[in-house]
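Participant: Please arrange chain B on chain A, whose structure you already have, making use of the hints.
Just so you know, the sequences run in chain order A and B. Just so you know, we're using the working numbering here: the first sequence kicks off at 1 and counts up by one. Just so you know, we're using the working numbering here: the second sequence kicks off at 1 and counts up by one.
The set of hints was computed from the structure by calculation and includes no laboratory data. One or more hints might be untrue.
Lysine-lysine pairs mimicking DSS-like chemistry, simulated, CA-CA at most 30 Å apart [unchecked claim]:
no.	chain 1	residue 1	chain 2	residue 2
1	A	Lys3	B	Lys23
2	A	Lys3	B	Lys21
3	A	Lys358	A	Lys319
With the Cβ distance kept under 8 Å, some of the chain A side facing chain B (calculated, not the full set) [to be verified]:
no.	residue
4	Tyr2
5	Ala4
6	Arg66
7	Ile271
By construction, the Cβ of each residue, glycine as well, lies at the ideal position given by its N, Cα and C atoms.
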Amino acid sequence: MYKASDVLATIRMLQEEHLDVRTVTMGIHLGDCARTGMDETAEAVYRKITTKAANLVRICDQISTRYGLQIVNKRLAVTPASLLLEGRNRADALLLAQAMDRATEAVKVDLIGGFTALVQKGLTSGKQTVLDSLPEVLAQTSRVCGSVNVGSTKAGMNVDAIRMLGRQILRLAEATRDQHGFGAAKLVVFANIPEDNPFMAGAFLGPGEPECVINVGVSGPGVVKRAIDRALEERPDCTLDDLAEEVKHTTFRVTRVGELVGREVAARLGIQFGVLDLSLAPTPRVGDSVGEIYQAMGIAKIGAPGTTAAVALLNDAVKKGGAFASSSVGGLSGAFIPVMEDHALAEAMEAGTLTIEKLEAMTTVCSVGLDMLMLPGDTKAETIAGLIMDEAAIGIINRKTTAVRVIPVPGGKEGDRIDFGGLFGSGTICNVASPTGAEAFVNRGGHIPAPIQSLTN
Amino acid sequence: MRMNSDTENAPCRYVVSVLVKDKVGILRGVSAALADLGGDMDGISQTVLDGYFALILTVTFGGPCSAQALRAAVQDVLDDDEADVVIRPYDRPVNLPPTVQGARYLVTLTGKRTVGIMKAVTHFLANQGVNVEGWSVYADGARVTHLGEVTVPDLLDIKQVQDGLQDVVAAFGFACGIQHENIFLVTNKVGAVRPLLRRAGHV
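Isolated chain A (complex conformation):
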C-alpha cells in the first residue's frame, strides 16, 4: 500500500525538480590491448570498447523508461592512456585517441575519459607522451577527455608537470581558438584523483579497478533546493542545522535512485557495479543550480561572507545522506561549483560578488575545485600553473580531491561573455586579483614534498 503523498513526492522530484541520473559511466580496462604496433593497439582498443559498450545505451534507455527517470548521459572511462603509450610518440597518441573517439561514437556515447596520466611522483615515457600530445589530441577529437593527476597527499606535488600543463592548457585553448578555447574544457588537472569518478572530464578507470565496471553519477540540485524552500515555507525561522537535516534526508532519497539504476544496468550487462557518486552537479538550466541552493539558504549574493560556510554545510550534508543511503558511495560525492555550468554562479561572477579568490576558498570545502572558469586570452602559463598549485595544495593538505579546469579564451578579455552551449553553459571571462607576481616561485619547479599528513602508517 503506497501513501499518495510519497508517490506524488517522488513524481514531483522526477518531473519538476530535475532529479536525474546524470551519468552512467562504464569503465573498461584497456591494458590487454597493447600490441607491438600502434595501429594494432588502436584497432584492439576500438574493438574492445565497441564490444564491451555495445549495449550500454540501449539498456540505459530501457531502464530509464521503466522508472520514468532520465539518464542524461551514458559515458565511458578507460585505463590511463599513458599505460598504452610507453615508448610511443605524439603521433601514436593521436592514433590511440582517434580510435577511442571513433569507438565512442560507434556506441552512441558522447564522451570518453581516460586520456590520462598520473604524474604526482614523476614521469615515464608514456606519461610524457600524454602531456606532450594533449593539445592536438583534445583539439582533434570530439569525444575524448583528458585528466592529469599532479599531486597527492601521499606523494606531494609535481611542480615540473604543473608548469608543463600551464603551457599545454594555453596551447590547447589556442588549438581550439575557433571554439573560444573549448578544448581546455575537456582537460582537468587533479590532486588526489579518484579512480572511480564517473563525471567528465575527469573520469578514468584507475589501476585498482576491475576489468569492466559501472559507476553512476547522480545529481539533483533542484530537488535539494526545493526541499529547502519547503522547509522554509513550513518554518521560516528554521535554523541551519534544520536545513542540514533536510538536505541529508533529501540526498538519501536521491542516492538510492542512483543505486537502483546502477545495479540494474550492471546486472543487465553482466558486469560489476562499482560506485555511486552523489554529486550535486548543476546544469545551466534554471532550477538545476547549486548556486540557487546557497541563495535558498539565505546567501542573497553568492560570494558574500558566509558563502564558504554554506558550501561546507551542503557538502557535508550531501555526504552524510549518501553514506546512509548506500555502502557503495564513491567518486567525488559532494557539491560541484562549475561556474559556467551553473547559472547562479555565472551570474555572481558577472556581478562581481564572486571572485576567483572566493571560489578558491569555497573549494576547500566543496567536492572538487576551480571548475569551468574562463580566463583572459593573455593569461600567462605561470598564472595557470600557480592556480593549479594552489588548488593542489588545498587537496594535498586536506586529504581531499581538488581540481582545476580553466579555459583561457584566445583573444578574450576580462568581462567578455562566452557561450559554449548545451551543458557546458555560458559565462563571463574573469581574472585573478593579481595575475602576475609569483613567476619566480612557480618557475623554481621541482617537487613539493608530501606533507606530514601523509605519514599515517
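Facilitator: Same frame as chain A, but now just chain B:
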C-alpha cells in the same frame, strides 16, 4: 443423507465483506463476533471513503460454522439496518497464482475532474491485460489525482503501454505516468536496494 464425521468437523473458510456508515468500533465489533464463533481472521483489507466504512476479510474456522450464523453474528454487532454484509464460502485453490504474471507498476493520473477518465483508462489497461490491484482517487478542489497499483504482464513492452496510456489520457487533458514500483520504494522506504532488485527479478 447423513454426513460423515470428517466432513462435519472439517475446517471452513469464508470471505466476508461489510459496507456500512462509518463510526467508532466497527472493526472491534466484527472481530469480536468472529472470535466468539472461533474464527481466525487471516486476511483483512479495510478503508473509509467519504464516511463509508468498507471491509473485506477472510476467516477460517477450526470446525463447522454456517454462513447464516456468521452473517447473523456480524449483522448483530453492526447494529445498522442499512449495513451490507456479504458472506461467501472461500473456494479459491490453495497457493493461488497471481491473476497476471508480471511486474508491479504504479499508475498516476492528474488533471481536472472529468467524467469518463476511469472508464477510458481501465478499458485501455484491461485490453492490454494489465491487472488493476488497487486504485485511489484524491481530490483537491477541481483537480484530481489517481493512483493505481497494477501488474503489467511480462510480455508487454512497457514503452508501448506508457505511450498508449498517454494517448488515452491526453484526450481528457490529463497527465499520466506508469512507473515500476521500485522507484517509489527506494525513494520512500529505508532498506537495502539489492533485495528490491532481486524480488523484481532485475538482478
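Participant: Run every hint past the structure and note whether it holds.
Facilitator: Each hint tested on the structure:
no., hint, result
1, A:Lys3 with B:Lys23, "23 Å, holds"
2, A:Lys3 with B:Lys21, "24 Å, holds"
3, A:Lys358 with A:Lys319, "23 Å, holds"
4, Tyr2, "6 Å, holds"
5, Ala4, "5 Å, holds"
6, Arg66, "5 Å, holds"
7, Ile271, "12 Å, violated"
This entry does not satisfy hint 7, going by the numbered hints stated previously; all others are met.
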